[in-house]
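Chemist: Sequence:
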Amino acid sequence: MKYLIIKCLIISLISCNIQSQEKKIIFDFLASCKDENIEITSIKEKYICENKSNTAKKEDSDKFIEYSISLVRKEMQSKDLSKLKILHVANEAQEVKKEFINEDFSKVFVLKDGEKIIEYFLIENGKINAFTTMKKGSIKVFIILCN
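So for the sequence shown, my numbering puts the first residue at 1; every next one is plus one.
Think of the hints as simulated: they come from the structure by calculation, not from any bench. Don't take every hint at face value.
[Unchecked claim] Here are the simulated DSS-like cross-link-like pairs (lysine-lysine), alpha carbons at most 27 Å apart as the crow flies:
| # | residue 1 | residue 2 |
| --- | --- | --- |
| 1 | Lys79 | Lys127 |
| 2 | Lys127 | Lys74 |
| 3 | Lys57 | Lys107 |
The task is simple: from the sequences and hints, build the whole structure.
Modeler: See the structure below:
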């Protein structure tokens with residue numbers, strides 16, 4: 001029994017550490033977006049997963065990503081980052097689950113300003129794989145940036 005409790009504790013600590021790493025990626029991304037001295041292309045290279053599509057599709061994807069980052073940058077200019085909350089949907093923002101088609105929320109995070117959700121994030125392999133959603137009716141889906 002003692003070993004089972006220790007195993008559960010270790011698994012829990014590892015899970016918390018991974019979540020905090022993912023939250024740090026999101027926070028650092030937002031801080032970089034807020035800093036207008038940091039180039040959008042630098043933000044894209046550091047925080048967004050790499051698109052390995054063919055050249056023409058990659059160029060269109062890069063333009064979309066850079067435009068999306070510029071929208072986040074504009075949004076962050078009026079925000080105090082210390083007052084924003086990054087919540088893991090699987091553990092801390094259960095109400096978001098009914099808005100998405102997704103069934104796996106282990107990598108989904110939301111950015112909240114008070115009770116208002118500002119942004120959704122999908123984190124995979126230490127990078128942001130999506131931070132833009134599309135809504136059809138009452139259902140949202142991520143626009144996946146990388147394949």
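Chemist: Does each hint fit the structure? Answer for all of them.
Modeler: Results of checking the hints against the structure:
This hinted pair checks out: Lys79 and Lys127 have alpha carbons roughly 23 Å apart, not beyond 27 Å. The straight-line distance between the Cα atoms of Lys127 and Lys74 is roughly 21 Å, inside the 27 Å bound, and the hint therefore holds. Our distance criterion of 27 Å between C-alpha atoms is met by Lys57 and Lys107, whose separation comes to about 26 Å.
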